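Novice: Given these sequences and hints, build the entire structure.
Per the working numbering, the very first residue in the sequence shown carries number 3; after that it's consecutive.
Please keep in mind that the hints were generated in silico from the structure rather than gathered at the bench.
All values reported here derive from a predicted model rather than from experimental measurement.
Glycine residues also receive a C-beta, built at the ideal position from the N, C-alpha and C atoms.
Keep in mind that the hints are not guaranteed to be accurate.
[Said to hold, decoys possible] For lysine to aspartate or glutamate, the following EDC-like pairs were computed, each having C-alpha atoms within a straight-line distance of at most 16 Å:
id: 1; residue 1: Lys55; residue 2: Glu257
id: 2; residue 1: Lys248; residue 2: Glu268
id: 3; residue 1: Lys653; residue 2: Asp588
id: 4; residue 1: Lys70; residue 2: Asp59
id: 5; residue 1: Lys535; residue 2: Glu68
id: 6; residue 1: Lys70; residue 2: Asp498
id: 7; residue 1: Lys652; residue 2: Glu51
id: 8; residue 1: Lys172; residue 2: Glu332
id: 9; residue 1: Lys529; residue 2: Glu79
id: 10; residue 1: Lys628; residue 2: Asp731
id: 11; residue 1: Lys292; residue 2: Asp59
id: 12; residue 1: Lys70; residue 2: Glu114
id: 13; residue 1: Lys172; residue 2: Glu21
id: 14; residue 1: Lys298; residue 2: Glu51
id: 15; residue 1: Lys571; residue 2: Asp498
id: 16; residue 1: Lys682; residue 2: Glu672
id: 17; residue 1: Lys322; residue 2: Asp372
id: 18; residue 1: Lys653; residue 2: Glu68
id: 19; residue 1: Lys146; residue 2: Glu175
id: 20; residue 1: Lys322; residue 2: Glu332
id: 21; residue 1: Lys172; residue 2: Asp143
id: 22; residue 1: Lys375; residue 2: Glu175
[Unchecked claim] Here are the computed distance ranges between Cβ atoms for each label pair:
id: 23; residue 1: Gly676; residue 2: Gly488; range: 40 to 48 Å
id: 24; residue 1: Ile274; residue 2: Glu175; range: 37 to 45 Å
id: 25; residue 1: Ala706; residue 2: Asn250; range: 27 to 35 Å
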Amino acid sequence: MSGGGATGFAHIGVLKALEENGIPIDYITGTSAGALIGSMYASGMSPAEIETKVVSDDFQLMANGELKPSQQFLLREPAPNAGMFNLSFSKDSLLRKSLPTNFVSSSYLDFEMMSFLGPVSASNNHDFDNLFVPFRCVASDIAKNESVIFKNGPLNAAVRASMTYPFFFKPTEINGVLLFDGGLYNNFPADVMYEDFNPDFIIGSNVSYNASKPEADNLISQLTNMLVRYSDYNLPCEQGFIISPKTNVGTFSFEDIQQAINDGYEQTLSQIDSLKKNITHFVDSSDLAKRRIDFKSRIRPILINQIETVNNNDKISYTKSALFKKNKKEILTLEEIEKRYFRMYAASQVDFIFPTISMNSDSTYTMSNDIRKSKDFIIDIGGHISSRPVNTGYIGLTYQTLGKTLTSTKLESYFGKFYGSAKASFTLDLPVVYPISTSIYFTLNRWDYFRSFATFFEDVKPSFLIQNEMYAGLKLKLPVGNTWVGAIEGNVFKLDDSYYQSDKFTNKDTSDITNFNGLSTNWSFAKNTLNRKQFASGGHLFSINARYVYGREHAIPGSTSINKNETIKLHHWLNIGIDYQSFLIDEQNFHFGLHGQLVYNSQSLFANYTSSLLAMTEFSLVPDAKTYFLPEYRSPQFIGAGMNVIFTIKKRIDLRIDGYVYQPFMQVIENIDGTLSLSKPFKGETFMASTSAIYHSPVGPLRATLNYFPLQTNPLAFQISLGYVLFNDRAIR
Numbered sequence: 003m004s005g006g007g008a009t010g011f012a013h014i015g016v017l018k019a020l021e022e023n024g025i026p027i028d029y030i031t032g033t034s035a036g037a038l039i040g041s042m043y044a045s046g047m048s049p050a051e052i053e054t055k056v057v058s059d060d061f062q063l064m065a066n067g068e069l070k071p072s073q074q075f076l077l078r079e080p081a082p083n084a085g086m087f088n089l090s091f092s093k094d095s096l097l098r099k100s101l102p103t104n105f106v107s108s109s110y111l112d113f114e115m116m117s118f119l120g121p122v123s124a125s126n127n128h129d130f131d132n133l134f135v136p137f138r139c140v141a142s143d144i145a146k147n148e149s150v151i152f153k154n155g156p157l158n159a160a161v162r163a164s165m166t167y168p169f170f171f172k173p174t175e176i177n178g179v180l181l182f183d184g185g186l187y188n189n190f191p192a193d194v195m196y197e198d199f200n201p202d203f204i205i206g207s208n209v210s211y212n213a214s215k216p217e218a219d220n221l222i223s224q225l226t227n228m229l230v231r232y233s234d235y236n237l238p239c240e241q242g243f244i245i246s247p248k249t250n251v252g253t254f255s256f257e258d259i260q261q262a263i264n265d266g267y268e269q270t271l272s273q274i275d276s277l278k279k280n281i282t283h284f285v286d287s288s289d290l291a292k293r294r295i296d297f298k299s300r301i302r303p304i305l306i307n308q309i310e311t312v313n314n315n316d317k318i319s320y321t322k323s324a325l326f327k328k329n330k331k332e333i334l335t336l337e338e339i340e341k342r343y344f345r346m347y348a349a350s351q352v353d354f355i356f357p358t359i360s361m362n363s364d365s366t367y368t369m370s371n372d373i374r375k376s377k378d379f380i381i382d383i384g385g386h387i388s389s390r391p392v393n394t395g396y397i398g399l400t401y402q403t404l405g406k407t408l409t410s411t412k413l414e415s416y417f418g419k420f421y422g423s424a425k426a427s428f429t430l431d432l433p434v435v436y437p438i439s440t441s442i443y444f445t446l447n448r449w450d451y452f453r454s455f456a457t458f459f460e461d462v463k464p465s466f467l468i469q470n471e472m473y474a475g476l477k478l479k480l481p482v483g484n485t486w487v488g489a490i491e492g493n494v495f496k497l498d499d500s501y502y503q504s505d506k507f508t509n510k511d512t513s514d515i516t517n518f519n520g521l522s523t524n525w526s527f528a529k530n531t532l533n534r535k536q537f538a539s540g541g542h543l544f545s546i547n548a549r550y551v552y553g554r555e556h557a558i559p560g561s562t563s564i565n566k567n568e569t570i571k572l573h574h575w576l577n578i579g580i581d582y583q584s585f586l587i588d589e590q591n592f593h594f595g596l597h598g599q600l601v602y603n604s605q606s607l608f609a610n611y612t613s614s615l616l617a618m619t620e621f622s623l624v625p626d627a628k629t630y631f632l633p634e635y636r637s638p639q640f641i642g643a644g645m646n647v648i649f650t651i652k653k654r655i656d657l658r659i660d661g662y663v664y665q666p667f668m669q670v671i672e673n674i675d676g677t678l679s680l681s682k683p684f685k686g687e688t689f690m691a692s693t694s695a696i697y698h699s700p701v702g703p704l705r706a707t708l709n710y711f712p713l714q715t716n717p718l719a720f721q722i723s724l725g726y727v728l729f730n731d732r733a734i735r
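Specialist: Set out below in structure tokens:
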């Protein structure tokens, strides 16, 4: 069976048609996709079982380099920022090791291949001749420019090496040799079949071909010819038959695997009568099923009681403490080891893990992990480029270490006229079964709001409101399972607000100033499986936050203020917020979600209307609402809820409609004489809406958005933007 990426899944249809017609399969050789499908068949899986596995949603996640929600580990997920792409480098090399070697993560695929191929291989002494069907696969040693034929060893490692398409998956090492896709040098291993097994008759299933000549203006064709050697797609003997399924499925079109299977099946059936003329004996389907059952009954289920690290760097041999509880002898099932494995893999300090298993004398298994440390430094670059005057750049620099503990030191900055920030943080993470993360941080924030809904081509009025924040704190995070995390946090803060309470001011006027300094503690509990850090179309979010704030207000009136007296007041309040989002329908082309927020805030009133609102929680589930100062969406207690309706036109293109109803329980009202009071309950209800066309590019969302805030003078606001509307955390809300 040849390689061919997603096209190669036509081999499943070929196997299916052969079995239905009683044609025996006594040996298998395969390259790349052919190696994967061949190994599954050689492990005792029927064509129907193979088909069910590869057309599943889980396999689509593997092909796209994604994880199941249960495999994500929220504790080690980085805090969302406006980064759009990153570069990694080591202390000893700034350029040589900075470029990525893969486009897709293979973490889920590698673990899954270990789980269903590993026990078969280990239960048969890692001898491929002892499998349900004797098997060979081919990989490429690019250092020696030669093929490597696998006939023994961990089966999942051999197959993974055979299907490591350059730049798509990260390459693996076996016995110190870096290996790549077998299709580079031998994409149709009929010669291996002939030489290793000397069969009576060879059936070839081929979906590939040699590359055309390189073209002067086609880089891909040039690289292909440099990397890939000519393969012979003929059989080495006369006793053979080639099936060449015709399909329009592309090499990386894994979403069309079912079509490839159907095409392979139909092509084989169209040639089956000609093939049968060359077959001298046939196999009974019931006898074949019985032999499969007998073979599978000898495979021991995964029970792991030992862990090994197979590299020589003792600084990263921490897997035992990450997978096994200290001073406690454990035997872990596949489900238990899966949870702990992906907790370990989620650490940013870990670049790559490749697992294999071997059988112990008591029929348990030892798990061996080939671990590669991430590079020391990561630079994140991004921001938000908009047709409105809220353009913001972002850059972050992280230094991380991996040893007995995991550490991360991060410096990050946002810069722009609307928003500027600088943050320094240090995080210590203990790599144990239930890890604990402790962070200390220092943050400066500056917000400069604009009254106008201006574009690049309009004059912008001077800012009427500026907020400066400075705070430092300590945060402790604990996991609750893999997708839940709890956190306790405390900080000291200094807030300085400068603003006019009227839009009638000149450059001779002085602004009001409010200083608010104090302490804040926060407890949070959250679950997050959303598929994107912004503009999600699938998954679930639930978070609850309880924050206590204590501080001293010093209000200094400006020239436009009604009240001319300075005010000093002590404030303390409790703020409890609940955020919930769930996509109840998450189909390929349509997604429907509910999103809501509930806030209870016992905040006492500040010296004036504007300063009270500045410290208050805002309702801003439409992301762009965070870039405006919208008094109508700020109140002590409120509930807001709405719908997310998303039509996915193509894989990365969404048409999105978000609509929310906002109901304050009470609002802050400014009286004519400048005093403050609270409104009657349940007054001031309104809504907000947004509609967008979004292209989720590799660096971030590129969108055209029309927002609607009905109580504004200009309720409709259109913008074109690239990037994320994300900021560092606020000090007290």
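Novice: All the hints need checking, so say for each whether the structure fits it.
Specialist: Structure-based check of each hint:
1. Lys55 <-> Glu257: It holds: about 13 Å lies between the C-alpha atoms, which stays within 16 Å.
2. Lys248 <-> Glu268: Status holds; Cα separation ~9 Å.
3. Lys653 <-> Asp588: holds (13 Å)
4. Lys70 <-> Asp59: Given that 16 Å is the threshold and the Cα spacing comes to 9 Å, the pair holds.
5. Lys535 <-> Glu68: Holds. Lys535 to Glu68 sits at ~14 Å (cutoff 16 Å).
6. Lys70 <-> Asp498: Violated. Lys70 to Asp498 sits at ~44 Å, over the 16 Å cutoff.
7. Lys652 <-> Glu51: Given that 16 Å is the threshold and the Cα spacing comes to 30 Å, the pair is violated.
8. Lys172 <-> Glu332: violated (32 Å)
9. Lys529 <-> Glu79: The given pair, whose Cα atoms are some 11 Å apart, holds under the 16 Å limit.
10. Lys628 <-> Asp731: Since the Cα atoms of Lys628 and Asp731 sit roughly 12 Å apart, the hinted pair holds (cutoff 16 Å).
11. Lys292 <-> Asp59: Violated, at roughly 29 Å.
12. Lys70 <-> Glu114: With Cα atoms ~12 Å apart, Lys70 and Glu114 stay inside 16 Å; holds.
13. Lys172 <-> Glu21: violated (35 Å)
14. Lys298 <-> Glu51: holds (13 Å)
15. Lys571 <-> Asp498: The given pair, whose Cα atoms are some 15 Å apart, holds under the 16 Å limit.
16. Lys682 <-> Glu672: Within the cut-off at roughly 13 Å; holds.
17. Lys322 <-> Asp372: Holds, because 13 Å separates the two Cα atoms, which is no more than 16 Å.
18. Lys653 <-> Glu68: holds (15 Å)
19. Lys146 <-> Glu175: holds (14 Å)
20. Lys322 <-> Glu332: Distance of about 11 Å is within 16 Å: holds.
21. Lys172 <-> Asp143: Holds, at roughly 14 Å.
22. Lys375 <-> Glu175: holds (15 Å)
23. Gly676 <-> Gly488: 40 to 48 Å: Given a distance of about 43 Å, which is inside 40 to 48 Å, the answer is holds.
24. Ile274 <-> Glu175: 37 to 45 Å: At 42 Å between Cβs, range holds.
25. Ala706 <-> Asn250: 27 to 35 Å: Once the Cβ atoms are compared, 32 Å apart, the range 27 to 35 Å for Asn250 and Ala706 holds.
Of the numbered hints listed earlier, those contradicted by the structure are 6, 7, 8, 11 and 13.
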